[in-house]
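**Q** With the hints as constraints, model all of the structure from the sequences given.
Chains A and B, in that order, are what the protein sequence lines are.
Once you know that position 166 of the first sequence is 170 in this note's numbering, the rest is easy, because the numbers rise by one and skip nothing.
Once you know that position 271 of the second sequence is 348 in this note's numbering, the rest is easy, because the numbers rise by one and skip nothing.
Hints were generated in silico from the structure; no laboratory data involved.
The C-beta atom is built at its ideal place from N, Cα and C for all residues, glycine as well.
Careful, some of the hints might be misleading.
[Said to hold, decoys possible] Derived DEER-like restraints, expressed as beta-carbon distance ranges:
#1 S136(B) to F209(A): 46 to 56 Å
#2 D84(B) to F209(A): 53 to 63 Å
#3 S127(A) to P149(B): 13 to 23 Å
#4 E321(B) to V255(A): 53 to 63 Å
#5 L209(B) to V259(A): 30 to 40 Å
#6 K190(A) to K183(B): 36 to 46 Å
[To be verified] Once the Cα atoms are required to be at most 25 Å apart in a straight line, the calculated DSS-like pairs of lysine-lysine come out as:
#7 K105(B) to K101(A)
#8 K171(B) to K17(A)
#9 K264(A) to K138(B)
#10 K106(A) to K203(B)
#11 K171(B) to K190(B)
#12 K17(A) to K142(B)
#13 K138(B) to K190(A)
#14 K171(B) to K101(A)
#15 K263(A) to K138(B)
#16 K202(B) to K188(A)
#17 K212(B) to K101(A)
#18 K263(A) to K142(B)
#19 K106(A) to K212(B)
#20 K106(A) to K202(B)
#21 K203(B) to K17(A)
#22 K202(B) to K101(A)
#23 K106(A) to K142(B)
#24 K17(A) to K175(B)
#25 K175(B) to K106(A)
#26 K190(B) to K17(A)
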Amino acid sequence: MNMFWHELRAYRKSTITWTITMVALVAMMFSMYPTFAKDAGQFKAMLEGMPDTVLKAMGLDMDTITSLLGFYAYTFAYIALCGAIQAMNLGTSIVSKEVREKTADFLLTKPVTRSQIITSKLSAAVVSLILTNVIYLVGAFLMASVVRIDEYSFMNFFLISISLLFVQLMFLALGFVISVLARKIKSVLPISLGTVFAFFFIGVFGATTGDQTVRYFTPFKYVDVASIAKGGGYETPFVIIAILFIAAAIVSSYVVYVKKDIHAV
Amino acid sequence: MNVIEIDHLTKTYGQARGITDLSFTVEKGEIFGFIGPNGAGKSTTIRTLLGLIHPTSGSAKIFGKDIIQHGPEIKREIGYLPSEVFYYDNMKVKDLLKYSASFYNKDCSKRIKELAEVMDLDLSKKIDDLSLGNKKKVGIVQGLLHGPKLIILDEPTSGLDPLMQQKFFELLEQENKKGATILFSSHILSEVQRLCNRVAIVKEGKLIQLEKISTLKESNYKRFKIETKTPVSAGYFRMVGVNELKEEGQHVSFLYKGNINEVMRKIAAIEIQNVWVEEPDLEEIFMHYYEKED
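**A** Written out as structure tokens, the structure is:
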């Protein structure tokens, strides 16, 4: 447990910063909703003048955009992007920092197994993300209650919000396995930002073509928040693939890390 | 009883050499020197013993237990000080040491205070703000705070001033008296000579010599350099105990091991201009052992 607490403490600042950022982001977006809903007719007319592909790329759904959940689903893409960067950073750095900051010799000569190290680090990362999500959910819910005009389904609101964790866990697992496979990661940010934005734009371009298969290749599209806003739910194939991917990444992280040679600096 | 048993241990890094077929044992209560030039395989051996890297072939036991199967159990009783110390920069010394102690399931707070006092270490500072020498002290306290039965030191004296080095050696001698076995790796012969009972000399990943320090001292090598008035006849100094003889006109140099009187008589018999008698440096002894191996 000592390693778990140590890691949780080490990432405390970054977790708080990311959480505040995401809550602020959702608050800012919801604060625009009342004006937006009031001038809905005008806004729709303006949007209809825009090319179809642009609307699709931005994830705008004309039927629902003026409802609270429709609006939320649209803005959620940027919150998910933010959360993905947090998770990918966390996953990529939490194991690799020991080698980068040359502290591996300290930790790995303590009476613990490598599996225990991975377990502690992984659980600290997951707990950090869960805390982020809980606070985000509360913040988003409070803000939505303030700005709402009509009734909305709390269940659907919850499903959209919690897909943040869903996306984050996939990026965490991806970052984790990358950091274990790499011999040494000199700098976390280029890797995590590069990966996250690559997947984000795959999602954007996939949406413009309307090609459903592209959805399988980017974690950002595993949960179709726009359809949840209209009363849909999570789609079983995507949930299963996501779980399989996360499990595979984590299992291989353990297998590789247990046998990995930790070289002198 | 053997604390460390290394049995035909080999570690290769792709094509590069690590260690080849290394075997030796360290007995309980010994201070065992492990010397060799840089890149000889000292750190590779130590890192293998600690489970940081995995052997290509061969095996090793610590406290009679296999290093791979019983890694965590063995490490409970090991204190390790690496040659370069790096710790979590944004932590305070106190917190780092507490974190280190938390791995051993015993109360180490008293021992931390004692050690910090001996080593003159300020516990309330941030690790980030410490000098290299002070970081090294953190490393020493970190390695000894749980009262380990085996202390492994990888070139531990770099960065310590002579006074601290002295205190550190005294600390090691105390630990040794209390029953700790010490594996001390170094490329400086004098510190090994001072502390150790036995030494293993490694070069290019192979064990070249394993001797008691007392034997090593007896086999006292001297480096002779002689300048003569007239050129010496070739082979004049070719006698028992003379190695690496170089004759260049009026300049002669060689490595000598044996009865000093005999070689002095030989020198006295000729007309000399100048003479130097020096302790050979470690590299020369290595070279000598190395050539003997061939």
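**Q** Evaluate each hint against the coordinates.
**A** For each hint, the structure was consulted:
1. The hint said 46 to 56 Å for the Cβ distance between S136(B) and F209(A), and at roughly 55 Å that hint holds.
2. Separated by about 59 Å at the C-beta atoms, D84(B) and F209(A) satisfy the suggested range of 53 to 63 Å.
3. A hinted range of 13 to 23 Å holds for the C-beta pair S127(A) and P149(B), which are about 19 Å apart.
4. For the pair E321(B) and V255(A), the supplied restraint of 53 to 63 Å holds, since their beta-carbon distance comes to about 59 Å.
5. Checked against the given bound of 30 to 40 Å, the beta carbons of L209(B) and V259(A), roughly 38 Å apart, stay inside it.
6. A C-beta distance of roughly 38 Å is found between K190(A) and K183(B), which places it inside the suggested range of 36 to 46 Å.
7. A distance of roughly 37 Å separates the Cα atoms of K105(B) and K101(A); the hinted pair therefore is violated under the 25 Å criterion.
8. Under the criterion of a C-alpha separation no larger than 25 Å, the hint pairing K171(B) with K17(A) is consistent with the structure, at around 20 Å.
9. Restraint check for K264(A) and K138(B): satisfied, since their Cα atoms lie roughly 20 Å apart, inside the 25 Å limit.
10. With a CA separation close to 17 Å, the supplied pair K106(A) and K203(B) stays within the 25 Å bound.
11. At most 25 Å may separate the alpha-carbon atoms for a hinted pair to count; K171(B) and K190(B) meet this at roughly 10 Å.
12. Between the alpha carbons of K17(A) and K142(B) the distance comes to roughly 42 Å, so the proposed pair goes past 25 Å and is violated.
13. In summary, the hint linking K138(B) to K190(A) is not supported, as the alpha carbons are separated by about 35 Å, beyond the 25 Å threshold.
14. A distance of roughly 21 Å separates the Cα atoms of K171(B) and K101(A); the hinted pair therefore holds under the 25 Å criterion.
15. Taken as a hint, the K263(A) and K138(B) pair is honoured in the structure, with Cα atoms around 19 Å apart against an allowance of 25 Å.
16. With a C-alpha separation of about 30 Å, the suggested pair K202(B) and K188(A) falls outside the 25 Å cut-off, and the hint is violated.
17. Proximity of K212(B) to K101(A) is assessed by CA-CA distance (about 19 Å); at most 25 Å being required, the pair is judged to hold.
18. In summary, the hint linking K263(A) to K142(B) is supported, as the alpha carbons are separated by about 19 Å, within the 25 Å threshold.
19. Between the alpha carbons of K106(A) and K212(B) the distance comes to roughly 13 Å, so the proposed pair stays at or under 25 Å and holds.
20. The straight-line distance between the Cα atoms of K106(A) and K202(B) is roughly 20 Å, inside the 25 Å bound, and the hint therefore holds.
21. The straight-line distance between the Cα atoms of K203(B) and K17(A) is roughly 17 Å, inside the 25 Å bound, and the hint therefore holds.
22. Note on K202(B) and K101(A): the hinted pairing holds, with a Cα-Cα distance of about 22 Å set against a maximum of 25 Å.
23. Proposed proximity of K106(A) and K142(B) is contradicted: the alpha carbons are some 28 Å apart, above 25 Å.
24. With a C-alpha separation of about 21 Å, the suggested pairing of K17(A) with K175(B) holds against the 25 Å cut-off.
25. At most 25 Å may separate the alpha-carbon atoms for a hinted pair to count; K175(B) and K106(A) meet this at roughly 19 Å.
26. Under the criterion of a C-alpha separation no larger than 25 Å, the hint pairing K190(B) with K17(A) is inconsistent with the structure, at around 30 Å.
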